[in-house]
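Enquirer: Quick mapping for you: the protein sequence lines, in order, are chains A, B and C. By full-length UniProt numbering, the letter at position 103 of the first sequence is numbered 103, and the numbering carries on one by one without gaps. By full-length UniProt numbering, the letter at position 84 of the second sequence is numbered 84, and the numbering carries on one by one without gaps. By full-length UniProt numbering, the letter at position 250 of the third sequence is numbered 250, and the numbering carries on one by one without gaps.
Wrong hints could be hidden among the right ones.
Claimed, not checked - Label-pair restraints from in silico Cβ distances:
hint	chain 1	residue 1	chain 2	residue 2	range
1	A	144	C	145	53 to 63 angstroms
2	A	43	C	140	23 to 33 angstroms
3	B	204	C	103	51 to 61 angstroms
4	B	24	A	298	11 to 21 angstroms
5	B	188	C	77	53 to 63 angstroms
6	B	181	C	3	24 to 34 angstroms
7	A	298	B	19	13 to 23 angstroms
8	A	236	C	246	33 to 43 angstroms
9	C	4	B	201	34 to 44 angstroms
10	B	159	C	263	24 to 34 angstroms
11	C	15	A	236	47 to 57 angstroms
12	B	22	A	298	18 to 28 angstroms
13	A	80	B	24	24 to 34 angstroms
Unchecked claim - Calculated lysine to any residue pairs in the SDA-like style (CA-CA distance at most 25 angstroms, straight line):
hint	chain 1	residue 1	chain 2	residue 2
14	A	82	C	11
15	A	141	C	240
16	B	184	B	127
To be verified - Part of the chain C face toward chain A, derived, beta carbon under 10 angstroms:
hint	residue
17	95
18	99
19	328
These are calculated hints, taken from the structure and not from any lab test. Ideal placement from N, C-alpha and C gives every residue a C-beta, glycine not left out.
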Amino acid sequence: MSSTIASAQAGSRNATQAFDASGEPPVLRVKNLEVTYYTDSGRAKALDDVSFSLSAGEKMGMVGESGSGKSTMALAMMRMIKPPGRVEGGSVFIDDVDLMALDPKAMRQARLNKIAYIPQGAMNSLNPVMRIGSQMVDAIKSHAPSESRTAIQDRCMHALKSVDLDSSVFGMYAHELSGGMKQRVCIAIGVLLEPKVIIADEPTSALDVVTQRQVMETIDRVQDEINAAVILIGHDMGLMAQFVDKVGVMYAGRLVEVSTVRDMFTDPKHPYSQALISSLPNLDNKGVFQGIPGLAPSLLRLPSGCAFHPRCTKVMDTCPKVRPEVEYLPDGRMVICHLYDEETEH
Amino acid sequence: MATIAVSADQVPEQPKALTLFFRYLNRNKGLALGLLILLLLTLFTVIGLLVINPKHAYPLSAALKQPPSLKYPFGTDFFGRDLFAAMVVGMWQTAAIGLLAGGIGTFIGVVLGFSSAYFGGWVDSGVRTICQILTPIPVLLIQVVIAGSLDKRDVTILTMALIVVLLAWMGPTLVIRAQVLTMKERQFVAVAKLSGMSDFGIIFKEILPNLLPFIAAAFVGQVFAAVFASLYLAVLGLGPLREPLLGNIIWAAQSQGAFFNGWWWWPLEPAFGMILILGSLALINMGLDELANPRVRKSE
Amino acid sequence: MSIKIIVKRLLFLVLVIWAASTIVFFVPRLSSRNAIRERFGELARTGGFSPGDLEKLIASMQQQFGLDKPLLEQYLQYLNNVIHLDFGYSLYKYPSTVTELISQALPWTIGLLLVTTIIAFVMGTLLGAVAAWPRAPGWLRAFATPFILLTGVPPVIMAILLVFFIGFRLKWLPLGSAYSVGVVPNWSWTFFFDLMAHQILPAFSLILGSVGAWVLSMRGMGITIQGEDYVNFAEHKGLTGGRIFRDYYLRNALLPQVTGLALALGTVVTSAVIVEGLFGLPGIGSLLNLAIRSNDFPTIYGIVLFITIAVATLMTVLEFVYPLLDPRIRNT
Numbered sequence: 001m002s003s004t005i006a007s008a009q010a011g012s013r014n015a016t017q018a019f020d021a022s023g024e025p026p027v028l029r030v031k032n033l034e035v036t037y038y039t040d041s042g043r044a045k046a047l048d049d050v051s052f053s054l055s056a057g058e059k060m061g062m063v064g065e066s067g068s069g070k071s072t073m074a075l076a077m078m079r080m081i082k083p084p085g086r087v088e089g090g091s092v093f094i095d096d097v098d099l100m101a102l103d104p105k106a107m108r109q110a111r112l113n114k115i116a117y118i119p120q121g122a123m124n125s126l127n128p129v130m131r132i133g134s135q136m137v138d139a140i141k142s143h144a145p146s147e148s149r150t151a152i153q154d155r156c157m158h159a160l161k162s163v164d165l166d167s168s169v170f171g172m173y174a175h176e177l178s179g180g181m182k183q184r185v186c187i188a189i190g191v192l193l194e195p196k197v198i199i200a201d202e203p204t205s206a207l208d209v210v211t212q213r214q215v216m217e218t219i220d221r222v223q224d225e226i227n228a229a230v231i232l233i234g235h236d237m238g239l240m241a242q243f244v245d246k247v248g249v250m251y252a253g254r255l256v257e258v259s260t261v262r263d264m265f266t267d268p269k270h271p272y273s274q275a276l277i278s279s280l281p282n283l284d285n286k287g288v289f290q291g292i293p294g295l296a297p298s299l300l301r302l303p304s305g306c307a308f309h310p311r312c313t314k315v316m317d318t319c320p321k322v323r324p325e326v327e328y329l330p331d332g333r334m335v336i337c338h339l340y341d342e343e344t345e346h
Numbered sequence: 001m002a003t004i005a006v007s008a009d010q011v012p013e014q015p016k017a018l019t020l021f022f023r024y025l026n027r028n029k030g031l032a033l034g035l036l037i038l039l040l041l042t043l044f045t046v047i048g049l050l051v052i053n054p055k056h057a058y059p060l061s062a063a064l065k066q067p068p069s070l071k072y073p074f075g076t077d078f079f080g081r082d083l084f085a086a087m088v089v090g091m092w093q094t095a096a097i098g099l100l101a102g103g104i105g106t107f108i109g110v111v112l113g114f115s116s117a118y119f120g121g122w123v124d125s126g127v128r129t130i131c132q133i134l135t136p137i138p139v140l141l142i143q144v145v146i147a148g149s150l151d152k153r154d155v156t157i158l159t160m161a162l163i164v165v166l167l168a169w170m171g172p173t174l175v176i177r178a179q180v181l182t183m184k185e186r187q188f189v190a191v192a193k194l195s196g197m198s199d200f201g202i203i204f205k206e207i208l209p210n211l212l213p214f215i216a217a218a219f220v221g222q223v224f225a226a227v228f229a230s231l232y233l234a235v236l237g238l239g240p241l242r243e244p245l246l247g248n249i250i251w252a253a254q255s256q257g258a259f260f261n262g263w264w265w266w267p268l269e270p271a272f273g274m275i276l277i278l279g280s281l282a283l284i285n286m287g288l289d290e291l292a293n294p295r296v297r298k299s300e
Numbered sequence: 001m002s003i004k005i006i007v008k009r010l011l012f013l014v015l016v017i018w019a020a021s022t023i024v025f026f027v028p029r030l031s032s033r034n035a036i037r038e039r040f041g042e043l044a045r046t047g048g049f050s051p052g053d054l055e056k057l058i059a060s061m062q063q064q065f066g067l068d069k070p071l072l073e074q075y076l077q078y079l080n081n082v083i084h085l086d087f088g089y090s091l092y093k094y095p096s097t098v099t100e101l102i103s104q105a106l107p108w109t110i111g112l113l114l115v116t117t118i119i120a121f122v123m124g125t126l127l128g129a130v131a132a133w134p135r136a137p138g139w140l141r142a143f144a145t146p147f148i149l150l151t152g153v154p155p156v157i158m159a160i161l162l163v164f165f166i167g168f169r170l171k172w173l174p175l176g177s178a179y180s181v182g183v184v185p186n187w188s189w190t191f192f193f194d195l196m197a198h199q200i201l202p203a204f205s206l207i208l209g210s211v212g213a214w215v216l217s218m219r220g221m222g223i224t225i226q227g228e229d230y231v232n233f234a235e236h237k238g239l240t241g242g243r244i245f246r247d248y249y250l251r252n253a254l255l256p257q258v259t260g261l262a263l264a265l266g267t268v269v270t271s272a273v274i275v276e277g278l279f280g281l282p283g284i285g286s287l288l289n290l291a292i293r294s295n296d297f298p299t300i301y302g303i304v305l306f307i308t309i310a311v312a313t314l315m316t317v318l319e320f321v322y323p324l325l326d327p328r329i330r331n332t
């Protein structure tokens, strides 16, 4: 567990020399990623200076309210931000390749091959007029045009099997499948080319609780098989706690805390993380739900200084005035909050 | 520590509604152009009606077959009509048919679409079946039958509008029905129903305001269809022949072989008038579509 | 598709034809004008009919419109005739029947209609699809704009403009009839080219006058489809732009476009007929023009009913094509 924290720390501080304790470099390094949306009513910074890294086989959960930038981050990493949005800067390294520096053709090749995205709206993510099989085959063909027909077929069947789907799904249409099956198909497509990094954007929203679990277990299993780094985006902290190694908390476009699951649940650092954790129901205080007071801020008119200060219970004089920067606590955890200014400066 | 402190007073204020409207028009250039052309046409008609003597729009009121000149800026035709006066009156009559037929068609559509979607049951299946049966019948041809069966003296601007509207209410009915159906499922209607609001209260206070963009788009579309239909009927010689309706002028010019005789201005003027009317309506319709359906909005 | 749906569709087709026949039967009876008597008076005055012919004609009219029989019986007789595509005798070209006149004119109209509709539909659909495709180069997307502006110019107006500017001013193309005056129809290339040259302006009027509507509807649909999750996911999969365009975007946007084609058939046919009449080409349009000018009511009604039946039948055929394009409605 501690090795992953070290890698997060080192990766963010100095990406070129990032090695964790085992000597294995992180497979994914995101540095200073920034996205802005240019709208009629002004500019909205949807992603603000986000940095983190992940090792092979590691699973990271991204949580935060709607509009906190989770999905924007996923799209930015895939280089799929559409106008009026724009990636303003930063880099996304997979091994030694910076996706942000690739030409469009190379980026197209990198998608699915190096970094795969499992979509949020799986209900509607499959082409209704094409058979599932064709939608798997065309994905492989566009990356490995010379692969033989039987090899492609084998690959598809293997992928379907690994997500617990019958091979007959290959010849079916999307409308013949249930929601959970469609989500599995999307996962199967995501792992077709055994990518290094998989981003699953709220893969379980719109599914019932039982299916949610099955889908999460499926992701878990296929990840083990190909040893990919996985980013799970979602707001269900409870579900996430069971499946990820570390958790990133996003607020108003910033990654305000990254901790291991254990640390996050026992000792959250950022006041927002603390509020998130204490808002979870548990058996000790059942029936008592503690929400987070206030509303998520509009990205168009962010509060000054720390964007969280109007809702923060531990607000100080500096909070509305000075924008907090990334800080690494002595135990290696990352947090963006003035509460820890002294801890890190001395 | 590099900090960018943005204080509250530096945040730009929310722009005023009018500014936002013009900013939207700047982005939705089609709508802006359509409204501009419509404004110019209206000015032409209104100022024209003040300036001309409407009698000059009818035969034997001016010199015959004069090309455009200072005295007759649009020329005159074979029957001795001052085409400037004729264009002004014709524009007004075309607009009248369009607005009348479009208005009635939209009204019927809104009423039927509403009842059909809101009350459901046999009302809905009845309205839907009738619309489905009538839709494949080429409306213009049925209008040809109706207009052709009328005594020529009975064909006036008003009957023309009524003929046009007779089979042209199915479009708006189906559009409004579909929209009300989706709106009925929305939360705010359910809340209103649970809080004991009456059917009419819900229709007028909750659903109707949200439908306005669709009704506006349907209305503009109906006006377009009505002008289009009246043009076709008139070009076939089924219009009110005495009136200087734009389509009638074209029909008259065509049957007198205007091009072969060198009277090029006679059919061309109403043709360009028609292009401006239909063009502006088409542009406005597209613009409203973009307004009513956010998904159609451009991303830039 | 199940037998039940096929039967249902065919039943619906019968219902549409019944509704159209009923309108055409009753509307003339509601007007203050007695079309046949009026026409007979006119004919008797202008002459050209032998008394025997006139008697025969009146007899046939009496039988066709059954003015001596009760209304219900007339109505049933009329429906029976319509089913047999019997629209009675033409008043103007007696003793030709309306059906004979229509079948003589029909090949011309079908030729023009088929060529122009296919060109306009395919061109408009592709231009509209490209116009709504954010990944297409700007100049290619802008290509659709002039055609969208053409939606404000209906085929009839387009015909007048083309006749004047191309036909009269530039004298590039011949006008006015099916082939040049003095040419005898024969199976030679010269005649063929002459024939085609006369078809170019009407064809262009129809294509340019209707392509805008297809561009517009496809563009509207395309804007919706390009934002769909499956198009986004296709891009996430790293597919090439061309493949996403063809298999994910175009194929889905095409479905409503085909429905649109079915719904627009009535207007398309009507436009073609009117433009044909305007250019004086031999075809249904000129027949209708002549019939209107000479108060030949059986011919007017016959043409209207015939086109309605043809359009409704074509629409039904298109409905049978639809499940081939969309697997979702194949087994419902």
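Enquirer: Hint by hint, say whether it matches the structure.
Expert: Against the structure, the hints:
1. 144(A) to 145(C): 53 to 63 angstroms: violated (40 angstroms)
2. 43(A) to 140(C): 23 to 33 angstroms: holds (30 angstroms)
3. 204(B) to 103(C): 51 to 61 angstroms: Because 55 angstroms falls inside the window, the suggested range holds.
4. 24(B) to 298(A): 11 to 21 angstroms: holds (20 angstroms)
5. 188(B) to 77(C): 53 to 63 angstroms: Taking Cβ atoms as reference, residue 188(B) and residue 77(C) lie about 56 angstroms apart, which means the hint holds.
6. 181(B) to 3(C): 24 to 34 angstroms: holds (30 angstroms)
7. 298(A) to 19(B): 13 to 23 angstroms: holds (19 angstroms)
8. 236(A) to 246(C): 33 to 43 angstroms: holds (38 angstroms)
9. 4(C) to 201(B): 34 to 44 angstroms: holds (42 angstroms)
10. 159(B) to 263(C): 24 to 34 angstroms: Given range 24 to 34 angstroms: holds, Cβ gap about 27 angstroms.
11. 15(C) to 236(A): 47 to 57 angstroms: holds (53 angstroms)
12. 22(B) to 298(A): 18 to 28 angstroms: Holds, at about 23 angstroms.
13. 80(A) to 24(B): 24 to 34 angstroms: Because 27 angstroms falls inside the window, the suggested range holds.
14. 82(A) to 11(C): violated (49 angstroms)
15. 141(A) to 240(C): holds (10 angstroms)
16. 184(B) to 127(B): With a Cα-Cα distance of about 18 angstroms, the restraint between residue 184(B) and residue 127(B) holds, given a limit of 25 angstroms.
17. 95: violated (54 angstroms)
18. 99: violated (42 angstroms)
19. 328: Interface hint status for residue 328(C): holds (5 angstroms vs cutoff 10 angstroms).
Of the hints listed earlier, those the structure fails to meet are numbers 1, 14, 17 and 18, in rising order.
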